[in-house]
Structure formats: structure tokens, C-alpha cells
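A.B. asks: Model the full assembly from the supplied sequences, consistent with the hints where possible.
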Amino acid sequence: MAGALSGYRVLEFGDHPAVAVLGMLLADQGADVVKVESPSGDPLRGTPVFSVWNRGKKSVVAANDDCDLLSSLVAGADAVVEGSHSGQNPYGIDGDSARDMRSDIVRLSLPGFGEDHPHAGTPGTELLISAATGVYTDRSKDASEGVSFLALPYASIFAAMVAAPALAAALYHRERTGEGQAVTVPLYDAMFTAMGSAVVSRPEVESGPRATSPAIARFYRCGDGRWINLNAMYERSLRPVLDVLGHPEWFGPLTDSRLYDNLEEIEEWAARLQEPWLARPALEWESLMAEAGVPLTMCRTLREWMETDHAIASGAVLDVEDHEFGPMRQVGIQVRLSGTPGEVGTPAPRLGQHNETILAEAKRE
Amino acid sequence: MPGALDGIRVLDLCIILAGPTCGRTLSEYGADVIKVDPEHRIPALTPWLDVGRGKRSICLNITKNAGLEAFYKLADSSDVVLTGFRKGVAERLGIGYEQLSERNPRIVYAAINAFGQEGPWAMRPGFDQNAQAATGMQLRNGGDDGEPGPPPYTFNDYGTGIMAAYGVILALLERERTGKGQKVDTSLAYTASTFSSEYMIDYEGFEPDEISGPEAKGSGPFSRLYRTSDGWLALSAERDDEQKRLLQLEPFAGMSEGDLSGSLEAVFASNSTSDWMELLSGAGVPATSHQGLKDVRSDSYARDAGLIISEQHEAFGAVEHAGTAQRLSKTPARVGTSPVFGGDTESVLTELGYTREEIDSMRADGVIPEPQGLPLN
Chain A
2 MAGALSGYRV LEFGDHPAVA VLGMLLADQG ADVVKVESPS GDPLRGTPVF
52 SVWNRGKKSV VAANDDCDLL SSLVAGADAV VEGSHSGQNP YGIDGDSARD
102 MRSDIVRLSL PGFGEDHPHA GTPGTELLIS AATGVYTDRS KDASEGVSFL
152 ALPYASIFAA MVAAPALAAA LYHRERTGEG QAVTVPLYDA MFTAMGSAVV
202 SRPEVESGPR ATSPAIARFY RCGDGRWINL NAMYERSLRP VLDVLGHPEW
252 FGPLTDSRLY DNLEEIEEWA ARLQEPWLAR PALEWESLMA EAGVPLTMCR
302 TLREWMETDH AIASGAVLDV EDHEFGPMRQ VGIQVRLSGT PGEVGTPAPR
352 LGQHNETILA EAKRE
Chain B
5 MPGALDGIRV LDLCIILAGP TCGRTLSEYG ADVIKVDPEH RIPALTPWLD
55 VGRGKRSICL NITKNAGLEA FYKLADSSDV VLTGFRKGVA ERLGIGYEQL
105 SERNPRIVYA AINAFGQEGP WAMRPGFDQN AQAATGMQLR NGGDDGEPGP
155 PPYTFNDYGT GIMAAYGVIL ALLERERTGK GQKVDTSLAY TASTFSSEYM
205 IDYEGFEPDE ISGPEAKGSG PFSRLYRTSD GWLALSAERD DEQKRLLQLE
255 PFAGMSEGDL SGSLEAVFAS NSTSDWMELL SGAGVPATSH QGLKDVRSDS
305 YARDAGLIIS EQHEAFGAVE HAGTAQRLSK TPARVGTSPV FGGDTESVLT
355 ELGYTREEID SMRADGVIPE PQGLPLN
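For the protein sequence lines, the chains are A and B, in the order given. Start counting the first sequence at 2; every next residue gets the next number (our numbering). Start counting the second sequence at 5; every next residue gets the next number (our numbering).
Keep in mind that the hints were calculated from the coordinates and are not lab data. Just so it is clear, the structure is predicted and the values come from calculations on it, not from any experiment. For every residue, glycine included, the Cβ atom is placed at its ideal position computed from N, Cα and C. Fair warning: there could be bad hints in the mix.
Looking from chain A toward chain B, a few residues come up when the C-beta cut is under 8 angstroms (computed) [unchecked claim]:
(1) A170
(2) F193
(3) A314
(4) T341
C.D. replies: Listed below in C-alpha cells is the structure:
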């Protein structure tokens with residue numbers, strides 16, 4: 002079925018994962034995303050993740066001085082999205098030049114650092130943005146590592162997420178008024194949205210009673226050596242946990258607000274709580290607690306998640322027939338609209354696969 | 005200047021972080037967002053100052069008839085309803101999508117929860133940590149032998165709310181064409197899957213290769229963190245020409261492919277981060293110093309760019325919170341301030357046409373619960 006963005010053409014420029022992911026989020030919802038590539042192609046071409054982040058798009062190869070092609074592309078577009086590691090769009094199709102060609106176009110840019118940032122012009126790679134914003138904080142138990150790298154490209158994907166509603170809002174405004182605009186989401190700036198509560202400060206507000214004890218929202222090891230994550234932060238979930246564990250009498254002391262401030266006692270309670278979990282394997286606890294309505298989940302690997310009945314039945318994963326890798330399992334569509342659910346219509350395009358059709362279209366118009 | 009969503013009214017019934025982030029995001033684009041809570045769900049103040057921004061707050065007991073009636077009146081004149089229930093719970097309360105859209109076919113309805121509305125886990129309750137547990141995030145952070153752990157920031161919660169806002173605005177856009185609303189479904193587990201999309205791949209012959217554990221420093225010698233004499237440096241020489249320029253610099257000359265990481269470690273440890281930065285930026289080799297949260301938030305750029313905002317709040321005094329990251333030239337994003345819990349109940353009901361007497365009697369009947377003052381900590 003058609004997606005909510007069907008009928009909208011979006012030009013995508015640049016080699017940054019953030020813009021590729023944004024393009025995927027748009028294409029999944031039906032947008033006609035045309036990826037404009039240099040003759041050598043996107044640097045991720047040939048890697049499996051290219052096939053994921055570029056599914057459902059078209060590919061047009063354009064030399065950076067091919068003004069005719071570029072202006073005919075812009076003439077047929079509703080939006081231009083761009084994001085390059087270098088911060089420079091090799092085609093010179095930045096916000097201003099697109100506006101010069103079309104006042105009603107939406108231009109969205111994903112620079113690493115904003116033009117007013119002292120690091121403006123530094124390549125906004127995932128690693129540099131993350132290092133500059135505290136993402137690689139030491140995760141080791143004894144703080145011996147100094148810093149800890151994260152494998153998932155959180156900064157790039159988070160910026161793409163922040164950009165998606167911004168672009169949709171700009172399209173909505175355009176639909177109502179006919180007016181285009183420039184949207185900028187610097188990756189560095191988007192990280193402050195992810196910090197969120199961590200940057201809230203309230204020096205004049207006194208601390209009041211705590212809602213929960215940290216001993217009932219943490220990891221416990223089970224009989225098979227695997228971990229569960231427990232979040233029994235409400236009475237309605239803590240009571241059934243303690244009932245199933247056979248210790249209803251722990252409810253009072255575990256919800257005593259004084260417990261929150263006594264680190265030693267919290268750890269004593271955590272040690273006491275650890276004991277009963279060793280009686281069963283993690284998966285068994287997960288099923289038992291699911292029946293009891295408790296937010297408890299076995300810590301799975303990503304492979305295990307992909308193979309769960311739930312990931313498959315809920316569409317968290319889906320299958321694509323990829324040009325390069327054949328039948329391929331990929332991430333599903335993140336947001337589902339009941340009337341216009343979107344779809345992955347086509348696999349990631351071959352380099353320049355759509356030059357002819359797009360050129361023919363441009364000639365007709 | 006106008007907001008892109010001016011004139012759009014949103015009812016936000018969500019709690020914790022993900023759902024309320026959706027409402028806050030819509031308010032940033034100009035929507036009139038009314039947070040609807042029962043009194044037993046008093047939120048914690050720190051997140052309230054973050055995801056409560058730009059909203060009005062009312063307390064309404066919708067398990068009582070008069071409360072549900074008032075909610076229906078609100079929903080009939082609203083554009084969007086945001087919910088964060090497990091599958092089936094909203095329907096039991098009488099506020100499911102079908103129930104509301106029958107009354108108001110233009111309504112856009114978002115359902116935001118842990119595992120989505122479809123599949124065998126749709127009934128399972130869960131917080132962000134449960135979704136991260138299910139999808140491999142925590143095991144990866146802990147490594148092969150360590151205790152699992154979350155990433156440093158709450159990417160997944162916020163990402164879920166922001167993606168729900170994306171879905172809501174798409175549904176509003178579609179409504180311009182059809183005149184009809186629809187239901188938007190997203191979940192914490194779907195967001196975690198999107199964050200994992202680089203590795204969440206399978207095909208014949210695929211070999212998973214994921215970096216994990218707190219000891220990880222990067223993905224290769226040219227793309228990783230190095231200890232210096234006084235801190236940490238992130239080197240990100242992804243391109244051939246950048247790598248070449250690095251190895252042509254005097255301290256690195258003659259290094260071989262062999263144990264490049266080890267050789268670079270030894271050299272970087274011998275000098276200060278600022279000295280390295282001077283050398284590397286002069287040579288056009290991408291690098292930056294590692295910054296902790298404290299340094300980042302106290303940086304003057306954060307204030308100048310409106311990413312950290314100091315505010316004298318009428319109820320909470322001097323507070324600081326994040327601003328907005330997205331910059332829109334014609335419909336700029338609004339930061340907004342957080343309401344007092346339940347502080348707008350009377351004014352919203354009055355707008356709906358309720359009289360003083362009716363409001364008093366709703367209060368007497370417990371339909372308008374008394375908020376118990378400030379949010380919890």
C-alpha cells in the first residue's frame with residue numbers, strides 16, 4: 002500500500018550514514034528518494050549495510066559539473082537532503098543554491114557541526130561526533146578503561162531520527178502554505194536531545210521522596226549463566242515479581258524510600274535478590290514473568306532477537322531480495338501507519354540504475 | 005514566526021520518556037499539546053523538566069464516567085492523541101483508536117509501547133531497558149563476560165518518541181489529502197532495531213562481526229580512541245589521503261601495517277591532546293579530543309546555540325534543560341517551558357465549555373483528582 006510520502010520526490014546527496022538513514026526512513030514511507038552519486042559511487046557500496054540504508058531508493062550518477070542534469074533533478078523535487086563527511090556537497094547543491102532554483106523546495110542539511118561551531122568544517126564522522134559529546138564514557142565496572150567505544154552508530158542514526166519529523170513538518174507547512182524552507186540538524190547539536198534528562202539541573206528544588214529502589218531495576222544472573230533485565234518499578238509489577246520469587250515479605254523494605262540513599266543496603270538487597278534467580282534459566286523466568294505481567298526481559302544477542310517469533314511476526318525484521326546479497330533479512334519499517342503503512346518496494350539500486358528513466362522524465366516535463 | 009503545526013491540538017497520555025518525547029517534539033513544531041494524567045501517575049521532576057516542555061498539564065480520572073466524557077469532548081476537538089499502552093489496554097479504557105475515530109474520523113492516534121501492537125509480545129509490558137535487553141544492545145555493551153549495560157545516553161527512549169512524532173506528522177500530511185486520520189504504531193523495540201540496522205542483517209554467507217565490550221576503543225587503527233599524556237584523542241582518518249597524511253607526519257613516519265594500532269598507541273601516549281590536535285589539524289587529519297558530559301554541557305557553544313537553556317521557572321525556580329537541535333528557517337522550533345503538574349486542568353475544562361459549578365462538582369466527585377503538588381524526584 003502507498004506510504005504517506007508517496008508522490009514526494011526527495012533528492013539525497015552525500016556520503017554520511019545519517020543522510021542515508023534519513024533517506025531510508027523517508028523511502029520506507031513511500032517517498033521517491035533519488036540518491037545522487039558520483040561516478041565512483043557511494044563509499045559504502047558493496048557492503049551489506051549499503052543495501053539496508055539505501056533500499057527503496059533510485060540511483061542517479063551525476064558528475065559534479067553536470068549542471069543540466071542537476072538542475073533538472075532539482076526542478077522535479079519536493080525536497081533535497083544532504084549530509085557529507087566533509088561537510089561539503091560536491092555538487093554545490095546546498096540549501097542556498099536549491100532555493101535559488103526553487104523557492105518552494107525544502108532543503109535539509111545534516112552537517113557534523115553547525116557553521117557557528119568552533120569545529121565547523123571538521124568532518125562530522127560518527128567517531129568524532131561521539132567523542133566530542135561524551136558518548137564514549139567508560140563503561141567498565143572499575144573505571145579502568147578510560148573510554149569505551151560503542152559499535153552502533155548512535156549519533157548518526159539519532160540525527161537522522163531528529164531530522165525525519167523536521168522534514169515532515171517542513172513538508173506539512175509547505176502543503177498548507179506553498180512555502181519551502183531550509184532545515185539544518187547538526188549531528189553535534191542533536192546529541193543534546195539525546196542527553197535530555199542528563200543535562201537537566203534544578204539546584205533550587207529540594208529532593209523529595211524517591212519512587213523506586215534501584216535494587217528492583219537492574220540485571221540479575223540466572224541459573225544458566227544468562228542475564229535478565231528487571232524493571233519492577235511500580236507496585237503492580239513488583240508485587241508479582243516477589244510473589245513468583247516466593248518472597249512477598251520483601252515488598253515493604255524494597256519500597257522504603259530510605260533505602261534509596263543507603264548504597265550499602267541497596268547492594269545487600271541486590272545480593273539477596275540475586276539468589277532466587279539462580280533457580281531457573283533466564284528464558285524460563287522471562288516466560289513466567291511475562292505471564293505475571295512483569296517487565297522482565299532476557300538479555301539477548303542481536304542474532305537471537307532477529308530469530309524471535311516476535312521480531313518476525315511484528316515486522317521488526319523483513320526480507321528483501323537484494324541485487325548483491327540475494328535474499329536478505331533487514332530491519333523492518335520503524336513507524337507503521339494503519340492506512341498508509343509504507344513498504345520496502347525495491348532493493349538498494351545499482352549505481353546509476355535510474356539515470357535513463359529520470360532523464361526521460363525530465364525531458365517529458 | 006509561525007510553527008509548522010500551528011493549530012494542531014495534541015492530547016498526550018504517555019508516561020516516562022519515549023511517549024512524552026513525542027508530545028514534546030510536536031510542541032516544538034508549534035502544536036498545542038495537553039498532557040493528560042491521572043493523579044496516581046505523578047512524574048519525576050527531572051524528566052518532567054525535559055519532556056514536559058511546551059505542554060499544558062491537566063489531571064483527569066477517565067475511569068469515572070464524567071472524566072471519560074470530558075476526555076471525549078477534548079478528543080472530539082483535537083487532532084492527535086498519543087498513548088503508551090500495551091495492546092488492548094486503551095480499548096478497555098474506552099479510548100482505543102476505533103473508539104475515538106468513530107467519534108472523530110480526523111483523529112491521528114499514536115500507540116507507542118515496548119514491543120509494538122503486533123506479534124506475540126504485544127501484550128508484554130516493558131521500559132526502554134527491556135527493549136534494549138531484547139535486541140542485543142545491553143549484551144553488546146557489556147561484552148562477552150561482563151554484566152550487560154545501557155549506552156550512556158537514553159538514545160532509544162528519545163529516538164522512539166521522535167520517530168512517533170515523525171509518524172504523527174506523516175499522518176497529518178496524509179490527512180491533508182484524504183481528510184481522514186489514522187493510527188501510528190511504533191515501539192522501543194523497533195527503534196532499537198533501527199539503531200542496530202548496520203548489524204541486524206542476515207543472508208547466505210553473512211558473517212556477523214560486532215565490536216562489543218567496555219574495552220573497545222574503535223573499529224581500526226585509523227578510526228579509534230587513543231590515550232594521550234593527559235586525556236584521550238579520537239582519530240578518524242577514514243579516507244586513504246587522510247591516512248597517508250597522518251603517516252607522513254614525523255612522529256608516525258616509518259610505521260608499518262603490522263601492529264599499527266600498537267605503534268600509534270605508543271606515540272600518542274607521549275604527548276598531550278592539545279599538541280596532537282595542533283599537529284593533526286594542521287595536516288588535515290580529522291581528529292578531536294574526547295569530551296565528557298560535564299565539559300560538553302558547560303561549553304560556551306552549548307549556551308550560544310541554545311542547546312542548554314537556563315530558565316527562571318515560576319514554580320521550580322532556577323533550572324537548566326536542553327533546547328532544540330533542529331533549525332527551521334521559516335517555522336523555527338520552539339523550546340517551551342514545563343507546566344506545573346495538573347496546573348492547567350481548570351483553564352482547559354473552561355475552554356471546553358465547562359462551568360465553574362460543573363468543575364467544582366467534578367472535583368468533589370474525584371473526576372478531577374487533586375494533584376499532590378510537585379512531581380517526585
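A.B. asks: Each hint needs a verdict: does it hold in this structure or not?
C.D. replies: Here is how each hint holds up against the structure:
1. A170: Holds, about 4 angstroms.
2. F193: 4 angstroms, holds
3. A314: 4 angstroms, holds
4. T341: Holds, because the Cβ-Cβ distance from T341 (chain A) to chain B comes to roughly 5 angstroms (cut-off 8 angstroms).
Of the numbered hints given earlier, the model fails none.
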